[in-house]
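Visitor: Please model the entire structure based on the sequences and the hints provided.
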Amino acid sequence: MARLSDRTVTALLATAAARDAGRPLIEDEQVTLTGDELAARVARAAAELAAAGIGGGDRVALWLVNSIGFVEAFLGVLACGAEAHVLAPVAPAAEIRRALADGSVRALVGPQQVGDVAPPGVAALVSARAGLVIVRALAAAGHAPRTATATDPAFVAHSSGTTGRPQLVVRTHENLWWEAENIADATRLGPADTILGIVPLSHSYGLGNALLASLRTGARLVLRPRFLRRQTLDLLAARAITVFPTVPFMARMLVATDRRRSWDLSPLRLCISAGAPLTRDVYDAFAARFAVPIRQLYGLTEAGDVALNMAPAAELDPTSVGRPIGTVRVTIEDVAGAEVGRGESGEIVVRSASAMGGAEQPLRTHDQGRWTERGDLVITGRTSLFINSAGNKVNPAEVEAALRSHPAVADVAVFGVPARHGDQLVAAVIVANAPCTAEELRVHCGTLLATYKVPRLVSFRDALPRSALGKVLIGQLLAET
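Sequential numbering from 836 applies to the sequence shown in our numbering.
Since the hints were made in silico from the structure, they are not lab data. Just so you know, these numbers come straight off a predicted model, no measurement behind them. Treat the hints with care, as some may be off.
Between beta-carbon pairs, the in silico distance windows are [said to hold, decoys possible]:
#, residue 1, residue 2, range
1, Ala-886, Thr-1215, 51 to 61 Å
2, Gly-1176, Gly-1025, 30 to 40 Å
3, Val-1278, Glu-1174, 24 to 34 Å
4, Val-1278, Ala-856, 50 to 60 Å
5, Gln-948, Thr-1316, 33 to 43 Å
6, Phe-1295, Gln-1002, 29 to 39 Å
7, Arg-879, Gly-1178, 34 to 44 Å
8, His-978, Pro-955, 13 to 23 Å
9, Gln-1002, Thr-850, 29 to 39 Å
Ideal Cβ placement from N, Cα and C applies to all residues, glycine included.
Guide: Given below as C-alpha coordinates:
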(Lines of atoms letter the chains of each structure in order from A and count residues from 1; the text may use other names and numbers.)
(Lines give C-alpha, C1' and ligand atoms only; values in the text may rest on other atoms or scores of the structure.)
Protein backbone atom coordinates (compact mmCIF):
# COMPACT_ATOMS: atom_id res chain seq x y z
CA MET A 1 0.00 0.00 0.00
CA ALA A 2 1.25 3.45 -0.90
CA ARG A 3 2.49 5.73 1.87
CA LEU A 4 0.19 8.60 2.82
CA SER A 5 2.54 11.06 1.11
CA ASP A 6 2.12 9.17 -2.17
CA ARG A 7 -1.69 9.13 -2.11
CA THR A 8 -2.14 12.04 -4.48
CA VAL A 9 -3.39 12.50 -8.02
CA THR A 10 0.00 13.96 -8.94
CA ALA A 11 1.58 10.69 -7.78
CA LEU A 12 -0.82 8.79 -10.06
CA LEU A 13 0.36 10.96 -12.96
CA ALA A 14 4.03 10.40 -12.10
CA THR A 15 3.47 6.65 -12.07
CA ALA A 16 1.66 6.81 -15.41
CA ALA A 17 4.46 8.90 -16.93
CA ALA A 18 7.02 6.25 -16.05
CA ARG A 19 4.86 3.21 -16.77
CA ASP A 20 3.45 4.50 -20.05
CA ALA A 21 6.49 6.36 -21.42
CA GLY A 22 6.30 5.97 -25.20
CA ARG A 23 2.90 4.23 -25.04
CA PRO A 24 -0.33 6.03 -26.02
CA LEU A 25 -2.39 6.69 -22.90
CA ILE A 26 -4.95 9.45 -23.56
CA GLU A 27 -6.38 10.87 -26.79
CA ASP A 28 -9.08 13.18 -28.03
CA GLU A 29 -10.25 13.92 -31.57
CA GLN A 30 -7.03 15.74 -32.46
CA VAL A 31 -4.18 14.64 -30.18
CA THR A 32 -2.81 11.39 -28.78
CA LEU A 33 -0.42 11.55 -25.82
CA THR A 34 1.85 8.97 -24.28
CA GLY A 35 2.18 8.91 -20.52
CA ASP A 36 5.40 10.93 -20.51
CA GLU A 37 4.02 13.42 -23.07
CA LEU A 38 0.98 13.95 -20.87
CA ALA A 39 3.20 14.63 -17.86
CA ALA A 40 5.18 17.20 -19.88
CA ARG A 41 1.98 18.94 -20.98
CA VAL A 42 0.74 19.03 -17.39
CA ALA A 43 4.03 20.52 -16.19
CA ARG A 44 3.68 23.26 -18.81
CA ALA A 45 0.09 23.97 -17.76
CA ALA A 46 1.20 24.16 -14.12
CA ALA A 47 3.92 26.64 -15.07
CA GLU A 48 1.41 28.82 -16.94
CA LEU A 49 -0.89 28.79 -13.92
CA ALA A 50 1.97 29.70 -11.61
CA ALA A 51 2.89 32.58 -13.91
CA ALA A 52 -0.70 33.81 -13.61
CA GLY A 53 -0.36 33.89 -9.83
CA ILE A 54 -1.95 30.54 -9.02
CA GLY A 55 -0.43 28.42 -6.27
CA GLY A 56 -1.04 26.29 -3.21
CA GLY A 57 -4.54 26.58 -1.77
CA ASP A 58 -5.96 28.63 -4.65
CA ARG A 59 -9.13 27.47 -6.37
CA VAL A 60 -9.32 27.32 -10.17
CA ALA A 61 -12.59 26.70 -12.00
CA LEU A 62 -12.65 24.54 -15.14
CA TRP A 63 -15.35 25.08 -17.78
CA LEU A 64 -14.25 22.56 -20.39
CA VAL A 65 -15.58 19.67 -22.43
CA ASN A 66 -13.91 16.26 -22.46
CA SER A 67 -10.58 16.87 -24.16
CA ILE A 68 -6.83 16.81 -23.71
CA GLY A 69 -7.27 20.44 -22.67
CA PHE A 70 -9.44 19.41 -19.71
CA VAL A 71 -6.94 16.76 -18.63
CA GLU A 72 -3.99 19.17 -18.88
CA ALA A 73 -5.83 21.89 -17.00
CA PHE A 74 -7.20 19.62 -14.26
CA LEU A 75 -3.89 17.91 -13.59
CA GLY A 76 -1.98 21.19 -14.04
CA VAL A 77 -4.08 22.86 -11.34
CA LEU A 78 -3.35 19.99 -8.96
CA ALA A 79 0.34 19.96 -9.91
CA CYS A 80 0.84 23.50 -8.61
CA GLY A 81 -0.90 22.71 -5.33
CA ALA A 82 -4.21 24.37 -6.23
CA GLU A 83 -7.68 22.82 -6.27
CA ALA A 84 -9.91 22.29 -9.33
CA HIS A 85 -13.53 23.44 -9.22
CA VAL A 86 -15.20 21.60 -12.10
CA LEU A 87 -18.18 23.18 -13.88
CA ALA A 88 -20.61 21.60 -16.33
CA PRO A 89 -19.40 22.34 -19.88
CA VAL A 90 -22.99 22.75 -21.09
CA ALA A 91 -23.73 25.45 -18.52
CA PRO A 92 -24.45 28.90 -19.99
CA ALA A 93 -22.47 31.98 -19.02
CA ALA A 94 -25.08 33.16 -16.49
CA GLU A 95 -24.82 29.89 -14.58
CA ILE A 96 -21.03 30.10 -14.57
CA ARG A 97 -21.15 33.62 -13.17
CA ARG A 98 -23.42 32.45 -10.34
CA ALA A 99 -21.05 29.60 -9.54
CA LEU A 100 -18.18 32.08 -9.21
CA ALA A 101 -20.13 34.66 -7.24
CA ASP A 102 -18.85 33.67 -3.78
CA GLY A 103 -15.35 34.94 -4.54
CA SER A 104 -13.57 31.68 -3.74
CA VAL A 105 -12.26 31.13 -7.30
CA ARG A 106 -9.09 32.91 -8.44
CA ALA A 107 -9.08 31.76 -12.07
CA LEU A 108 -11.40 30.30 -14.68
CA VAL A 109 -10.11 28.04 -17.45
CA GLY A 110 -12.39 27.61 -20.43
CA PRO A 111 -12.94 28.13 -24.18
CA GLN A 112 -12.18 31.31 -26.13
CA GLN A 113 -15.13 33.23 -24.68
CA VAL A 114 -13.89 32.67 -21.12
CA GLY A 115 -12.66 36.26 -20.95
CA ASP A 116 -16.24 37.49 -21.28
CA VAL A 117 -17.46 35.24 -18.47
CA ALA A 118 -14.84 35.55 -15.73
CA PRO A 119 -15.86 38.28 -13.24
CA PRO A 120 -13.41 40.99 -12.12
CA GLY A 121 -10.66 39.65 -9.91
CA VAL A 122 -10.76 36.20 -11.52
CA ALA A 123 -8.03 35.40 -14.05
CA ALA A 124 -9.37 34.22 -17.41
CA LEU A 125 -7.31 31.42 -18.98
CA VAL A 126 -7.98 29.92 -22.39
CA SER A 127 -7.32 26.20 -22.64
CA ALA A 128 -5.35 25.21 -25.72
CA ARG A 129 -3.33 22.14 -26.65
CA ALA A 130 -0.19 24.24 -26.38
CA GLY A 131 -0.98 25.09 -22.75
CA LEU A 132 -2.93 27.80 -20.99
CA VAL A 133 -3.03 31.24 -22.59
CA ILE A 134 -3.45 34.00 -20.03
CA VAL A 135 -6.21 36.43 -21.00
CA ARG A 136 -6.24 38.44 -17.80
CA ALA A 137 -3.69 37.91 -15.05
CA LEU A 138 -4.57 38.33 -11.40
CA ALA A 139 -4.15 41.79 -9.96
CA ALA A 140 -2.60 40.46 -6.77
CA ALA A 141 -0.17 37.61 -6.34
CA GLY A 142 -1.64 34.39 -5.02
CA HIS A 143 0.08 31.63 -3.15
CA ALA A 144 3.39 30.15 -4.27
CA PRO A 145 3.17 26.84 -6.15
CA ARG A 146 3.89 23.82 -3.98
CA THR A 147 3.74 20.05 -4.11
CA ALA A 148 0.29 18.78 -3.18
CA THR A 149 -0.15 16.55 -0.14
CA ALA A 150 -2.68 13.78 0.41
CA THR A 151 -4.86 15.97 2.62
CA ASP A 152 -4.95 18.94 0.23
CA PRO A 153 -8.28 19.67 -1.50
CA ALA A 154 -8.22 18.52 -5.13
CA PHE A 155 -11.74 18.17 -6.56
CA VAL A 156 -14.45 20.77 -5.97
CA ALA A 157 -17.93 20.48 -7.46
CA HIS A 158 -21.49 21.59 -6.89
CA SER A 159 -23.39 18.46 -5.94
CA SER A 160 -27.09 17.86 -6.25
CA GLY A 161 -26.73 17.27 -2.54
CA THR A 162 -27.42 14.33 -0.25
CA THR A 163 -29.55 16.72 1.81
CA GLY A 164 -31.77 17.78 -1.08
CA ARG A 165 -30.06 21.18 -1.16
CA PRO A 166 -27.17 22.25 -3.40
CA GLN A 167 -23.85 21.95 -1.66
CA LEU A 168 -20.21 22.42 -2.49
CA VAL A 169 -18.32 19.14 -2.35
CA VAL A 170 -14.59 19.23 -1.65
CA ARG A 171 -12.60 16.01 -1.91
CA THR A 172 -8.91 15.64 -1.23
CA HIS A 173 -6.10 14.06 -3.22
CA GLU A 174 -6.30 11.03 -0.94
CA ASN A 175 -10.05 10.72 -1.56
CA LEU A 176 -9.44 10.60 -5.33
CA TRP A 177 -6.45 8.28 -4.92
CA TRP A 178 -8.60 5.80 -2.99
CA GLU A 179 -11.34 6.04 -5.59
CA ALA A 180 -8.83 5.10 -8.29
CA GLU A 181 -7.67 2.16 -6.14
CA ASN A 182 -11.23 0.98 -5.56
CA ILE A 183 -12.13 1.19 -9.25
CA ALA A 184 -8.99 -0.71 -10.24
CA ASP A 185 -9.75 -3.40 -7.66
CA ALA A 186 -13.36 -3.82 -8.79
CA THR A 187 -12.89 -3.73 -12.56
CA ARG A 188 -9.43 -5.29 -13.00
CA LEU A 189 -8.59 -2.69 -15.62
CA GLY A 190 -5.16 -2.84 -17.21
CA PRO A 191 -3.06 -1.63 -20.17
CA ALA A 192 -4.94 -3.97 -22.52
CA ASP A 193 -8.18 -2.06 -21.91
CA THR A 194 -9.53 0.96 -23.79
CA ILE A 195 -12.06 3.26 -22.09
CA LEU A 196 -14.48 5.43 -24.05
CA GLY A 197 -14.84 8.71 -22.13
CA ILE A 198 -18.07 10.39 -23.21
CA VAL A 199 -19.56 10.94 -19.75
CA PRO A 200 -18.27 14.42 -18.75
CA LEU A 201 -15.01 14.49 -16.82
CA SER A 202 -16.53 17.44 -14.97
CA HIS A 203 -18.84 14.90 -13.29
CA SER A 204 -17.39 12.67 -10.58
CA TYR A 205 -18.66 9.60 -12.47
CA GLY A 206 -16.66 10.47 -15.60
CA LEU A 207 -13.64 11.71 -13.68
CA GLY A 208 -13.32 8.53 -11.66
CA ASN A 209 -14.22 5.88 -14.22
CA ALA A 210 -12.37 7.47 -17.13
CA LEU A 211 -9.47 9.74 -16.15
CA LEU A 212 -8.53 8.39 -12.71
CA ALA A 213 -9.03 4.82 -13.89
CA SER A 214 -6.72 5.40 -16.86
CA LEU A 215 -3.98 7.03 -14.77
CA ARG A 216 -4.14 4.26 -12.16
CA THR A 217 -4.23 1.24 -14.48
CA GLY A 218 -2.70 2.28 -17.81
CA ALA A 219 -5.95 1.66 -19.69
CA ARG A 220 -6.04 3.80 -22.83
CA LEU A 221 -8.60 6.62 -22.64
CA VAL A 222 -10.44 7.81 -25.76
CA LEU A 223 -12.17 11.14 -25.05
CA ARG A 224 -15.07 12.69 -26.91
CA PRO A 225 -16.68 16.05 -26.06
CA ARG A 226 -20.30 15.02 -26.51
CA PHE A 227 -22.61 12.06 -27.02
CA LEU A 228 -23.45 11.44 -30.67
CA ARG A 229 -25.09 8.06 -30.94
CA ARG A 230 -23.84 6.88 -34.35
CA GLN A 231 -20.35 8.17 -33.65
CA THR A 232 -20.43 6.40 -30.30
CA LEU A 233 -21.37 3.07 -31.86
CA ASP A 234 -18.75 3.54 -34.58
CA LEU A 235 -16.10 4.23 -31.92
CA LEU A 236 -17.13 1.29 -29.76
CA ALA A 237 -16.72 -1.02 -32.74
CA ALA A 238 -13.78 0.50 -34.64
CA ARG A 239 -11.62 1.16 -31.59
CA ALA A 240 -12.45 -2.16 -29.91
CA ILE A 241 -13.54 -0.35 -26.75
CA THR A 242 -13.49 -2.65 -23.72
CA VAL A 243 -14.90 -0.31 -21.04
CA PHE A 244 -17.82 2.07 -21.57
CA PRO A 245 -19.21 4.21 -18.73
CA THR A 246 -22.67 5.35 -19.82
CA VAL A 247 -26.05 6.45 -18.47
CA PRO A 248 -29.49 4.89 -19.12
CA PHE A 249 -30.48 7.72 -21.46
CA MET A 250 -27.46 7.03 -23.70
CA ALA A 251 -28.06 3.28 -23.62
CA ARG A 252 -31.67 3.74 -24.71
CA MET A 253 -30.60 6.02 -27.58
CA LEU A 254 -27.99 3.52 -28.76
CA VAL A 255 -30.54 0.71 -28.85
CA ALA A 256 -32.82 2.83 -31.06
CA THR A 257 -30.05 3.84 -33.50
CA ASP A 258 -30.31 2.66 -37.12
CA ARG A 259 -31.74 -0.80 -36.52
CA ARG A 260 -30.83 -1.82 -40.08
CA ARG A 261 -27.14 -1.67 -39.20
CA SER A 262 -25.14 -3.87 -36.90
CA TRP A 263 -22.07 -3.04 -34.83
CA ASP A 264 -19.66 -5.62 -33.45
CA LEU A 265 -19.22 -4.75 -29.77
CA SER A 266 -17.74 -8.11 -28.78
CA PRO A 267 -14.57 -6.53 -27.27
CA LEU A 268 -16.77 -4.56 -24.82
CA ARG A 269 -16.32 -6.46 -21.57
CA LEU A 270 -17.61 -3.81 -19.16
CA CYS A 271 -20.52 -1.46 -19.81
CA ILE A 272 -21.47 0.39 -16.63
CA SER A 273 -24.39 2.70 -15.99
CA ALA A 274 -24.94 5.38 -13.36
CA GLY A 275 -26.64 8.75 -12.94
CA ALA A 276 -30.21 7.40 -12.96
CA PRO A 277 -31.93 4.06 -12.32
CA LEU A 278 -31.44 1.48 -15.06
CA THR A 279 -34.82 0.06 -16.00
CA ARG A 280 -35.26 -3.58 -16.93
CA ASP A 281 -36.52 -2.78 -20.43
CA VAL A 282 -33.40 -0.75 -21.27
CA TYR A 283 -31.17 -3.50 -19.88
CA ASP A 284 -32.97 -6.19 -21.87
CA ALA A 285 -33.02 -4.19 -25.11
CA PHE A 286 -29.32 -3.33 -24.90
CA ALA A 287 -28.37 -6.93 -24.14
CA ALA A 288 -30.56 -8.23 -26.95
CA ARG A 289 -29.13 -5.88 -29.56
CA PHE A 290 -25.46 -5.76 -28.56
CA ALA A 291 -25.01 -8.96 -26.53
CA VAL A 292 -23.52 -6.92 -23.68
CA PRO A 293 -24.98 -6.71 -20.15
CA ILE A 294 -25.12 -3.27 -18.55
CA ARG A 295 -23.85 -3.24 -14.98
CA GLN A 296 -25.31 -0.69 -12.60
CA LEU A 297 -22.97 1.47 -10.55
CA TYR A 298 -23.95 3.48 -7.49
CA GLY A 299 -21.87 6.55 -6.85
CA LEU A 300 -22.00 9.97 -5.25
CA THR A 301 -20.24 13.24 -5.96
CA GLU A 302 -19.32 13.21 -2.27
CA ALA A 303 -17.75 9.73 -2.38
CA GLY A 304 -17.09 8.63 -5.94
CA ASP A 305 -17.91 5.02 -6.81
CA VAL A 306 -19.61 3.13 -3.98
CA ALA A 307 -20.96 -0.13 -5.42
CA LEU A 308 -20.81 -1.92 -8.77
CA ASN A 309 -22.66 -4.99 -10.01
CA MET A 310 -19.90 -7.35 -11.15
CA ALA A 311 -21.91 -10.55 -10.79
CA PRO A 312 -21.39 -13.24 -13.45
CA ALA A 313 -23.65 -12.58 -16.43
CA ALA A 314 -25.78 -15.64 -15.71
CA GLU A 315 -26.47 -14.42 -12.16
CA LEU A 316 -26.67 -10.69 -12.82
CA ASP A 317 -29.72 -8.88 -11.45
CA PRO A 318 -29.90 -5.67 -13.51
CA THR A 319 -31.95 -3.90 -10.83
CA SER A 320 -29.08 -4.22 -8.34
CA VAL A 321 -26.00 -2.00 -8.02
CA GLY A 322 -24.04 -4.97 -6.70
CA ARG A 323 -21.65 -4.85 -3.79
CA PRO A 324 -19.42 -2.16 -2.29
CA ILE A 325 -16.14 -1.88 -4.16
CA GLY A 326 -12.63 -1.98 -2.73
CA THR A 327 -12.43 -0.55 0.77
CA VAL A 328 -15.91 1.04 0.73
CA ARG A 329 -18.25 0.01 3.54
CA VAL A 330 -22.02 0.38 3.22
CA THR A 331 -24.67 -0.07 5.89
CA ILE A 332 -28.46 0.17 5.68
CA GLU A 333 -29.79 1.97 8.74
CA ASP A 334 -33.12 2.98 10.23
CA VAL A 335 -33.97 6.48 11.44
CA ALA A 336 -32.31 5.74 14.79
CA GLY A 337 -29.03 4.76 13.12
CA ALA A 338 -29.34 1.01 13.74
CA GLU A 339 -28.62 -1.45 10.95
CA VAL A 340 -31.74 -3.09 9.51
CA GLY A 341 -32.08 -6.74 8.56
CA ARG A 342 -31.46 -8.19 5.14
CA GLY A 343 -34.40 -7.44 2.87
CA GLU A 344 -35.52 -4.44 4.91
CA SER A 345 -35.32 -0.94 3.47
CA GLY A 346 -33.44 1.88 5.17
CA GLU A 347 -31.06 4.74 4.54
CA ILE A 348 -27.80 3.97 2.73
CA VAL A 349 -24.83 5.09 4.82
CA VAL A 350 -21.35 5.09 3.25
CA ARG A 351 -17.98 4.93 4.99
CA SER A 352 -15.06 5.24 2.61
CA ALA A 353 -11.60 6.75 2.37
CA SER A 354 -12.74 8.05 -1.03
CA ALA A 355 -15.54 10.07 0.57
CA MET A 356 -15.50 13.68 1.63
CA GLY A 357 -14.55 13.57 5.30
CA GLY A 358 -12.74 10.23 5.03
CA ALA A 359 -13.50 6.70 6.14
CA GLU A 360 -14.21 7.60 9.76
CA GLN A 361 -17.03 10.02 8.94
CA PRO A 362 -20.31 8.30 7.95
CA LEU A 363 -21.89 9.79 4.84
CA ARG A 364 -25.66 9.71 5.14
CA THR A 365 -26.82 9.60 1.54
CA HIS A 366 -30.58 10.15 2.02
CA ASP A 367 -31.00 7.35 -0.53
CA GLN A 368 -33.02 4.30 0.45
CA GLY A 369 -31.83 0.76 -0.18
CA ARG A 370 -31.91 -2.86 0.92
CA TRP A 371 -29.67 -5.92 0.79
CA THR A 372 -30.79 -8.92 -1.26
CA GLU A 373 -30.42 -12.44 0.09
CA ARG A 374 -27.18 -12.85 -1.88
CA GLY A 375 -25.74 -9.65 -0.42
CA ASP A 376 -26.29 -7.21 -3.29
CA LEU A 377 -27.47 -3.64 -2.84
CA VAL A 378 -30.74 -2.48 -4.41
CA ILE A 379 -31.68 1.20 -4.44
CA THR A 380 -35.34 1.39 -3.39
CA GLY A 381 -35.93 5.12 -3.38
CA ARG A 382 -34.39 8.56 -3.21
CA THR A 383 -35.43 10.88 -0.45
CA SER A 384 -34.02 13.97 -2.11
CA LEU A 385 -36.18 16.14 -4.34
CA PHE A 386 -33.84 16.14 -7.31
CA ILE A 387 -35.01 15.31 -10.79
CA ASN A 388 -33.23 12.69 -12.93
CA SER A 389 -33.17 14.22 -16.41
CA ALA A 390 -31.29 12.22 -19.08
CA GLY A 391 -28.72 11.05 -16.53
CA ASN A 392 -28.32 14.48 -14.92
CA LYS A 393 -29.65 15.60 -11.56
CA VAL A 394 -31.63 18.84 -11.64
CA ASN A 395 -32.19 20.98 -8.56
CA PRO A 396 -35.82 22.23 -8.63
CA ALA A 397 -34.88 25.26 -6.53
CA GLU A 398 -32.40 26.41 -9.18
CA VAL A 399 -35.00 26.13 -11.94
CA GLU A 400 -37.57 27.91 -9.77
CA ALA A 401 -35.12 30.76 -9.17
CA ALA A 402 -34.56 31.13 -12.92
CA LEU A 403 -38.30 31.24 -13.58
CA ARG A 404 -38.91 33.71 -10.76
CA SER A 405 -36.45 36.10 -12.40
CA HIS A 406 -38.96 36.54 -15.24
CA PRO A 407 -41.15 39.59 -14.54
CA ALA A 408 -44.38 37.76 -15.39
CA VAL A 409 -43.86 34.96 -12.84
CA ALA A 410 -45.42 35.51 -9.42
CA ASP A 411 -45.07 31.99 -8.06
CA VAL A 412 -43.72 28.68 -9.32
CA ALA A 413 -43.20 25.04 -8.42
CA VAL A 414 -40.81 22.71 -10.25
CA PHE A 415 -40.80 18.92 -9.99
CA GLY A 416 -40.10 15.76 -11.96
CA VAL A 417 -42.75 13.92 -13.97
CA PRO A 418 -42.09 10.22 -14.64
CA ALA A 419 -41.27 9.50 -18.25
CA ARG A 420 -40.33 6.38 -20.18
CA HIS A 421 -37.42 4.17 -19.16
CA GLY A 422 -37.12 5.56 -15.63
CA ASP A 423 -36.30 9.08 -16.79
CA GLN A 424 -38.07 12.22 -15.59
CA LEU A 425 -39.23 15.39 -17.33
CA VAL A 426 -38.68 18.76 -15.68
CA ALA A 427 -42.13 20.26 -15.10
CA ALA A 428 -43.04 23.76 -13.95
CA VAL A 429 -46.38 25.09 -12.72
CA ILE A 430 -46.59 28.87 -13.00
CA VAL A 431 -48.70 31.50 -11.30
CA ALA A 432 -48.41 34.50 -13.63
CA ASN A 433 -48.98 38.16 -12.84
CA ALA A 434 -48.81 39.26 -16.48
CA PRO A 435 -49.42 37.61 -19.86
CA CYS A 436 -46.70 35.12 -20.87
CA THR A 437 -46.41 31.84 -22.75
CA ALA A 438 -44.73 28.54 -21.97
CA GLU A 439 -42.31 29.04 -24.87
CA GLU A 440 -41.37 32.51 -23.62
CA LEU A 441 -40.49 31.05 -20.22
CA ARG A 442 -38.49 28.21 -21.78
CA VAL A 443 -36.45 30.69 -23.81
CA HIS A 444 -35.87 32.74 -20.67
CA CYS A 445 -34.65 29.66 -18.78
CA GLY A 446 -32.42 28.72 -21.69
CA THR A 447 -30.39 31.89 -21.17
CA LEU A 448 -29.79 31.04 -17.51
CA LEU A 449 -29.67 27.26 -17.28
CA ALA A 450 -28.14 24.25 -18.99
CA THR A 451 -30.46 22.73 -21.60
CA TYR A 452 -31.35 19.66 -19.54
CA LYS A 453 -32.60 21.92 -16.72
CA VAL A 454 -35.07 23.86 -18.88
CA PRO A 455 -38.67 22.74 -18.14
CA ARG A 456 -40.15 20.49 -20.79
CA LEU A 457 -43.65 20.81 -19.34
CA VAL A 458 -45.01 24.24 -18.41
CA SER A 459 -48.55 24.83 -17.16
CA PHE A 460 -50.39 27.70 -15.49
CA ARG A 461 -52.62 27.97 -12.41
CA ASP A 462 -54.30 30.77 -10.49
CA ALA A 463 -52.57 29.62 -7.27
CA LEU A 464 -50.36 26.81 -6.00
CA PRO A 465 -51.91 24.32 -3.58
CA ARG A 466 -50.24 24.58 -0.17
CA SER A 467 -50.43 22.88 3.19
CA ALA A 468 -51.32 24.64 6.43
CA LEU A 469 -47.61 25.27 6.91
CA GLY A 470 -47.31 26.88 3.47
CA LYS A 471 -45.57 23.93 1.80
CA VAL A 472 -46.45 23.44 -1.86
CA LEU A 473 -48.33 20.17 -2.33
CA ILE A 474 -46.18 18.69 -5.07
CA GLY A 475 -48.09 15.41 -5.00
CA GLN A 476 -51.29 17.20 -5.95
CA LEU A 477 -49.56 19.04 -8.79
CA LEU A 478 -47.99 15.82 -10.02
CA ALA A 479 -51.36 14.08 -10.05
CA GLU A 480 -52.79 16.89 -12.16
CA THR A 481 -49.89 17.03 -14.64
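Visitor: Hint by hint, note whether the structure agrees.
Guide: Here is how each hint holds up against the structure:
Our hint of 51 to 61 Å for Ala-886 and Thr-1215 holds, since their Cβ atoms are close to 52 Å apart. A hinted range of 30 to 40 Å holds for the C-beta pair Gly-1176 and Gly-1025, which are about 39 Å apart. At roughly 50 Å, the beta carbons of Val-1278 and Glu-1174 sit outside the given window of 24 to 34 Å. Remark: the range hint 50 to 60 Å for Val-1278 to Ala-856 is upheld by a beta-carbon distance near 52 Å.
Between Gln-948 and Thr-1316 the CB atoms are about 37 Å apart, so this pair conforms to the stated range of 33 to 43 Å. For Phe-1295 and Gln-1002, the Cβ-Cβ distance of about 32 Å falls inside the hinted range of 29 to 39 Å, so the restraint holds. The hinted range of 34 to 44 Å is not satisfied by Arg-879 and Gly-1178, whose Cβ atoms lie roughly 55 Å apart. The hint said 13 to 23 Å for the Cβ distance between His-978 and Pro-955, and at roughly 20 Å that hint holds.
Look at Gln-1002 against Thr-850: about 32 Å separates their beta carbons, and that is inside 29 to 39 Å.
Hints 3, 7, counting from the list given before, are not met by this structure.
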